[in-house]
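*Asks:* Residues per chain, in single letters:
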Amino acid sequence: MNSFNIPPNVAVSDTGFVFLPTTGETFTLNEIGKEIFKQLQQGKGYDEIVDSILSFYDIDKNSFERDFNDFVMQLKNYSLVVEL
Amino acid sequence: MDTKKRYERPVITKHYSGFMNKIGTSSFSKPKKDIDGVAVTDLVEKFGSPLFVISEKKIRQNQRNAVRIFKTRYPKVQFAWSYKTNYLNAVCSVFHQENSWAEVVSEFEYDKARKLGIKGENIIFNGPDKSRNALLKAIKEKAKIHIDHFDELYEIIELCDTEKLKAKVAIRINMDVGVYPKWDRFGFNYENGESWQAIKRIITNKDLELIGLHTHIGTYMMSTEAYRLAASKLAGLARSIKEQFDIVLEYIDLGGGFASHNTLLGQYLPAEEVIPSIEQFADAISSGLFELNFKNDELPLLILETGRALIDDAGFLISSVLANKRLSDGKKALIIDAGVNILFTGFWYKHKITPAQDCGLHTEESAIFGPLCMNIDVVRESITLPLLKKGDKLIIEYVGAYDMTQWMQFITLRPNVVMIMEDGSVELIRKSETLDYISEMELLPLKLSLK
Amino acid sequence: MNIAVTGLNATDNPGPGIPVIRSIKAHPDFNGNIIGLIYDSLEPGIYMEEMANKCYLIPYPSSGLDMLLERISAIHEKEKIDLIIPTLDSELYGFAKIKDRLSELGIKTFLPTIQQLNIRAKDNLFDFCTSHEIKVPKNILLTSSNDIYKIPKDFKYPVVVKGIFYDAYIANNFDEIKTAFHKMSAKWGYPIIVQEFIKGNEFNVVALGDGTGETIGAVPMKKLYITDKGKGWAGITIDDPNLLNLSKKIISKTKWKSGMELEYIKSEETNEYYLLEINPRFPAWVYLAPNAGQNLPYALVQLAMGETIKPFEQYDVGTIFVRAAWDLITNLKAFEKIAIQGEI
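Residue numbers (this note's numbering), protein chains in the order written: chain A, 1 to 84; chain B, 1001 to 1451; chain C, 2001 to 2344.
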């Protein structure tokens, strides 16, 4: 699977508050969104992320793949991720 | 395994000034997991989805409440159930058990009421379309015919003459009560004297007996003052009839039209904030009737044809999420299995839509589309809901009025309708349609047959 | 005493919350906390020093009353609210409808009744005025786009096209009416009011009625500077017994309960006052009143708490307010708190 690049200067707080300094925009992530986003920041790819989410949360692989792709699309929409 | 955390789809929400209104960590709306104590999951398992659910208890409460409110303000009150609002037999029968008459606007509805055992004299026959055959039947069965136009009046006169019959009639009157749009297409106009002319024409005919006056000033009325005006104008007419012809009318019928708690599209504030209560409508009507100035034993019966306000909140539509979609502009869309084919009122209401299962705290703005392969099938342009996944259930509330009569068999079949009875049992009151049922009325010319 | 106030949106179309808070706090007898109830994390009042001790997000009135009540009860558990003063037009129906339920929680209000709100609704004002011989511009109510064609021929241009709650446009011809109508119906829904334009000067009165017909106080003001959005940016208290008597008559006929703003126009032709609007809450310039000698917001607090108070009899003529734009500085932490937790 692809890996993703999050702009280096994006700040995420523990409450899920996201600040994009280049544009001044702010966002809120829900808990799983925050979890995934932090892992993306650490440079993890889909395979690593799916393993960690599936081990902690009650969800099957197919459903998660679908939600993950939708989430990445949302992030792209806000210029919070660049797909490599 | 069972120690795993509850999963919720990952989402990110952008903050827009003026649209940042996530209320801390409290959930946006509490899920509605049951209707009258019956679990939504059980209902769907047994009767499928989508599913219309009607609460017997709520209907009876609404009707008893309305009767009590009006009877404490005016001594003689009779409700007549407006068939077109919801004419499922079970629904009509609950109203009839609560002593409501039938108010019908077509021969089909008239026959339906008769078949349910309603006597002709307890049927109010309204509407612009009454066939000769229907009129004849109604006259013979002593129904209360509300004449809509002069052509109908002359037809009744002629019918009574040739068939040697006597008819009990009232007239429908339209008037200016400061409400827009004016409903001047039904009945005889008050201001231009047409109604007085009709009244005189009836009184001078030996076969006709004028027993009442009727008006119905509009639908989804939010002004009580309009009802006070309407009641006082009818009362004034009734007084003139008594003074000039010494006829004491049996009744005054103020029709229906009270707004329900559904919010209209384009209405900024929610309906529950702006619409008057039944008490306020009743206050307005009873104060309008003071104009009568009759002795107590001569007071006419007040008839009300309230429909929407008595049934809307007794109806629920359970629907399932078919798919989650993201539109080209990044906006979220939800596809559910109930479309405008069965939710006709979606064209003018912002229905209250509530998830039927526990959901996370996060919410998302999304559009709701129905299942039809038609661009018009939009249940809601935009609504804030918790994150839902395929198979989740939603309850669309306040769908008791008009949805189960104006629905259409289009693209797909109409679903089951159940009634939750007062004792908590669930009765199927209309079976979901089948291909055979729909095809039954069709005829295929032999030469077109492929078999 | 803990008083919750809404309308902290001290923006270029300001809500009256901040001036109401300033007035209450300016009274020497006031000893208590102010709780700001907000709809958006960028309402400037949140970030003003010494205004609200605490701020909480509450749901928009359009999202339903049960939710609003639920949220207020949750805040009440923490803050023990004694009194809520809603200050925005769009909230008042909602608060008027839940006032009994608030009172069961021990929260007082001092609000106009639904009937009073209905009288002042732009579509009923005309009938109210004509039946009490108060001058009012001719108007017509439009409830659909077809109704545009029903505007009577005797309406002289220009006309004012108004929404039921907010916004007004001046239209100089039929096409401009259509444009304004569509803009407004898309935003606020129906009905839309088209009203004759009376040429003359605008005058405003801030007042407080006690609910029995008595006027507790009234201060008239002439706008000195009006922004391109039609908002008064500076104003001066004036002395005109006719204007005061007319305002007292309106309060007496409506038995007005709560703060209010009366908007008039004085016709250049006849020198008579025409009533344009009754706003069912204090205006954003209400802070002028305590400074002219009538602390009407604090008097409302006293009335709400059940105290009997003597009506104000005078005020200083020539007191001026000048509104200022003033940048507040805050940081991301404060913003994050309000955006994520809904309170600060």
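None of these hints come from the bench; they were simulated from the model.
Values in this document were obtained by computation on a predicted structure and should not be read as measured data.
A virtual CB, placed ideally from N, CA and C, is assigned to each residue, including glycine.
Fair warning: there could be bad hints in the mix.
Calculated lysine to aspartate or glutamate pairs in the DMTMM-like style (CA-CA distance at most 25 Å, straight line) [what the hints assert, rightly or not]: (1) LYS1350/B to GLU2077/C; (2) LYS1030/B to GLU2077/C; (3) LYS34/A to GLU2343/C; (4) LYS2337/C to GLU1225/B; (5) LYS34/A to ASP2040/C; (6) LYS2135/C to GLU1225/B; (7) LYS61/A to ASP1358/B; (8) LYS1325/B to GLU31/A; (9) LYS1390/B to GLU25/A.
Simulated DEER-style distance windows between Cβ atoms [unchecked claim]: (10) LYS1451/B to GLU48/A: 55 to 61 Å; (11) THR2130/C to ASN1375/B: 35 to 41 Å; (12) LYS1451/B to GLU65/A: 43 to 49 Å; (13) SER2267/C to ASP1297/B: 17 to 23 Å.
Some chain A residues well away from chain B (every beta-carbon gap over 10 Å; in silico) [to be verified]: (14) PRO8; (15) ALA11; (16) THR22; (17) THR28; (18) ASN30; (19) GLY33; (20) GLU35; (21) GLN41; (22) GLY43; (23) GLY45; (24) GLU48; (25) TYR57; (26) ASP58; (27) SER63; (28) GLU65; (29) ASN77.
*Asks:* Does the structure break any of the earlier hints, and which numbers would those be?
*Replies:* 1, 4, 9, 11, 13, 17, 18, 19, 20, 25, 26, 27 and 29
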